[in-house]
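Asks: The lines below spell out each chain.
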Amino acid sequence: MIELAPLEERLALFAEGIAGRYFHIKPGSEFAGRRITLAADRSALTSDTLYLPESLDAPDASAYRVLALQQLCHREFGTYAFSMATALTRIPGLSNDDPPALGSRASDFERFYHQFPYPALASRLFRLCERVRVDALMLGSYPGIRPRLERLQQHQLRRDPPHPAADLAGVLAALECQGRGAAPELVAALDLTGVLEPAAATLAALALRPGDVHDAAATASALYHTITRLLDAQTGLVLPLPLEEELDDPGNWSQREARLEDWRDDLSALDASLSVEMLDGDEAEAADSQGLRDGQVRPEDLDLKKLAGERDTLARRIDMERSAIRDALGTSQPEARSFRYDEWNYLERRYLPRWCRLFEQRLAPDPDQDLAELQAVIRAHRPGVQKRLEQIKPLGYQRVYRLTDGDELDFNALIQARQDRRAGHTPDDRVYSRRDRVQRDVCAAFLVDLSASTDDPIGSVGAVAAEEEDPFLWGHAAAGADGASPAAADTAEPRRIIDVQREAMLVMSAALEQLGDSYGVYGFSGYGRDCVELFVAKEPGERFSRATLAAIAGMKPKRSTRMGPAIRHAVRKLLDSGNAMKVLMIISDGFPQDCDYGPERGEHEYGVQDTARALQEAQDKGVETFCVTVDRSGHDYLKRMCPEARYLVIEEIEDLPEQLSKVYETLTGR
Amino acid sequence: MSEAANLAHLDEEPYYLPLGDEVEVFQAAYDARLPVLLKGPTGCGKTRFVEHMTWRLFRDGKAKDVAVPLITISCHEDLTATDMVGRFLLQGDETVWSDGPLTRAVRSGAICYLDEIVEARKDTTVLIHSLTDHRRLLPIEKTGELLAAHPDFLLVISYNPGYQSVLKDLKPSTRQRFVSLTFDYPDREREAAIIAHESGVDGAAAERLAVIGEKVRNLREHGFEEGVSTRLLVYTGELIGRGISPRRAAEIAVVHAVSDDATVQAAIADIVDTVLP
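In order, the protein sequence lines correspond to chains A and B.
Per our numbering, the very first residue in the first sequence carries number 24; after that it's consecutive.
Per our numbering, the very first residue in the second sequence carries number 189; after that it's consecutive.
Since the hints were derived computationally from the structure, they do not count as laboratory data.
Any given hint could be a false lead.
Here are the simulated SDA-like pairs of lysine to any residue, each with C-alpha atoms no more than 25 Å apart in a straight line [claimed, not checked]:
1. B:K310 <-> A:L432
2. B:K359 <-> A:G539
3. A:K410 <-> A:Q537
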């Protein structure tokens with residue numbers, strides 16, 4: 024068996040290369056929609072995620088590439104561009120009337136399937152035809168996949184060989200074997216019904232002329248009619264298909280998602296005509312106002328009312344459809360990238376491989392934040408912080424002598440060379456000097472804890488640890504997300520831990536910008552091992568700008584504090600930076616905790632041990648780490664997490680910016 | 189002496205497939221003697237474009253009396269103003285002044301092409317300021333000479349906004365002395381034509397290599413912001429033309445060339461394997 028987990032990162036890059044956009048790679052078992060059944064190959068593609076089987080019985084790992092490419096090709100070759108309107112014009116015998124039971128928001132695929140007395144059969148045949156069509160196009164565009172596909176198909180055929188087909192189930196199984204690469208002649212030779220041979224030929228013709236998705240639908244319709252001759256001959260036959268489950272496959276939702284785009288276009292068009300009508304109406308009103316009797320409505324106003332009504336209905340429909348899709352496929356995270364990290368299980372003294380999934384995304388700037396206020400904060404701390412960091416600023420030029428190449432002659436070397444010549448020795452030709460730039464080569468990453476408890480007012484810091492005995496105070500998270508703590512209703516808004524953390528980051532960023540060091544600012548939070556969140560306010564390569572200010576201001580209290588994966592991810596970023604000196608500073612308000620960070624909820628040792636291990640890994644990779652906490656009881660767990668010289672418990676939280684700069688100076692000023 | 193200058197005689201027309209109106213724009217800029225800035229990723233044809241334009245301006249039936257019409261200086265972080273302007277050399281018991289490549293171009297009326305200008309030290313970029321406004325002067329500090337540029341002289345610089353760090357960006361005072369032409373990799377069809385012409389592989393093979401370029405460039409953010417250059421694809425074609433199997437050629441010239449990260453390399457190898465027949 025081949026496992027997906029070790030291949031996830033490679034497959035994500037492959038998919039991004041092929042499709043030109045990022046997809047999360049997740050095992051099919053994580054598929055969000057419990058009502059939806061994944062196809063036999065346990066693969067699916069949603070707007071942001073490529074689902075693949077967790078493990079695969081295959082000859083080699085390239086089988087995963089085949090499955091991934093098949094899914095990506097459905098998008099590339101327009102499977103979800105299927106439209107019932109086009110199908111009606113291209114496929115004979117279809118009608119525009121949907122069965123009442125179908126509902127108005129059924130996907131166009133479902134509407135197509137319900138054109139037939141046995142929709143489940145139509146669905147199965149269409150998906151088979153579409154797979155044959157997409158595979159044929161895939162082999163044309165990506166010829167290198169052919170040997171890999173054939174190898175996988177032969178493996179599958181050896182495992183599930185086709186059998187003689189005596190009934191509908193046999194016919195479908197044989198055709199699916201053909202879809203998985205069995206030769207049409209071989210399939211036809213299995214025919215005991217009289218319908219398989221023509222059906223196999225129809226399917227083979229589609230592979231030769233694949234066309235678009237509507238051609239696959241037309242072939243499915245033809246196959247349906249060929250095969251149902253068998254049903255007519257065997258009246259009373261029960262279809263070997265569970266109807267509802269068979270119909271609700273992710274493809275239906277993907278088509279609905281694609282259709283949503285069309286609806287949005289329709290909405291924009293309606294908005295545009297509405298504004299034109301309103302403009303025309305204003306002009307006409309002035310001209311017509313005298314010509315109308317009391318109570319009489321102008322025809323233009325009627326049109327306008329109708330148009331506005333249509334627009335509102337469509338807007339409501341789009342909202343409902345969007346939420347239905349989200350419910351079925353899970354919340355889409357197209358802007359995030361996901362990474363997997365090991366976790367240290369101290370109880371078993373081993374790593375849990377690829378245990379946590381971390382989503383990295385940009386911090387959304389806070390549009391309501393007054394940037395002038397933030398700049399005032401930076402100015403207020405400038406004397407203390409910047410002056411301190413300026414002391415370690417060794418930027419400048421230094422003249423280097425006795426070089427073979429340089430912008431000036433080195434006269435001492437020249438005189439020496441001349442003496443040597445006169446004395447009959449071979450002179451040294453290093454007679455130049457040059458000014459060389461001396462530059463700090465430091466990259467720092469600041470990892471700010473955005474757990475729910477950072478929403479607490481500063482006065483209660485001492486009580487933070489006690490409060491975190493139940494870490495999931497969702498009230499905090501909700502209040503934080505709205506940007507207002509419960510206490511904010513009072514006239515004097517108390518300062519919260521997050522406010523000081525944010526300010527400290529602003530002040531440090533501005534100071535480091537002056538110093539010229541490369542640095543990144545990140546927030547982290549999450550809930551559960553499958554959803555560790557890392558929010559990027561600034562990457563080391565980016566310039567400090569108003570957008571950075573706004574992003575740092577956008578740091579809000581969120582959920583839990585799973586520190587291990589956040590540290591591992593920050594270390595990865597630091598190692599990628601290529602700088603000689605790498606520094607990781609973690610700013611938190613309490614111990615690491617998460618709902619499943621350890622065997623028992625509320626037991627903190629597991630999280631402490633994993634974090635300690637992550638910090639040790641960082642040190643081993645040459646990253647200097649330092650933990651700063653505003654939790655006065657921090658000594659208890661910090662001394663178990665890192666060496667004494669590597670942490671600081673801040674007594675007066677308002678001192679955070681100054682203390683941070685002091686630590687930074689100590690760490691990097693050597 | 190590490191003079192990174194390359195002198196081009198340009199007796200034959202260098203191949204260049206125009207992607208837009210860059211030929212006309214450059215011609216107009218030269219006619220008005222406006223300095224030109226070429227922006228674009230590595231290996232997309234900036235240098236070839238300058239060679240082609242120099243040939244058009246200096247050799248194509250309008251021969252000018254310049255032995256070396258194009259002087260290219262590849263900038264690097266140790267490149268100083270001295271390297272460009274000139275220095276005193278030791279000759280026997282004397283020190284003798286020797287013009288640097290920029291001074292030679294200014295004197296002779298050649299096109300001077302500073303490739304990857306932001307790589308050079310900041311003092312170097314300031315040096316070109318007086319050459320790129322109405323004065324067209326090069327002050328040579330060490331000899332006290334104030335050199336007026338030859339009427340045919342033109343300064344062309346290139347830089348790559350993609351991979352250089354923000355610390356190494358062009359100063360506005362430098363940037364605003366040039367008219368800018370932006371380059372990018374060509375579309376699949378034209379890139380295939382370029383690969384076929386330059387490497388001699390057939391159209392089908394060139395099209396596959398262009399598809400590889402397109403797909404690998406989708407991964408630009410993963411430690412190799414540049415993607416794969418047209419130049420590397422041409423190299424791949426040349427290796428194929430000399431009997432190396434396409435997969436091996438792409439492995440050498442593409443997979444291993446664009447990234448050192450093992451996972452990224454494996455993913456690019458997967459793309460190559462999938463796209464090639």
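Asks: Now look at each hint and say whether the structure bears it out.
Replies: Checked hints:
Under the criterion of a C-alpha separation no larger than 25 Å, the hint pairing B:K310 with A:L432 is consistent with the structure, at around 21 Å. Restraint check for B:K359 and A:G539: satisfied, since their Cα atoms lie roughly 16 Å apart, inside the 25 Å limit. With a C-alpha separation of about 10 Å, the suggested pairing of A:K410 with A:Q537 holds against the 25 Å cut-off.
When the structure is compared with the earlier hints, no violation turns up for any of them.
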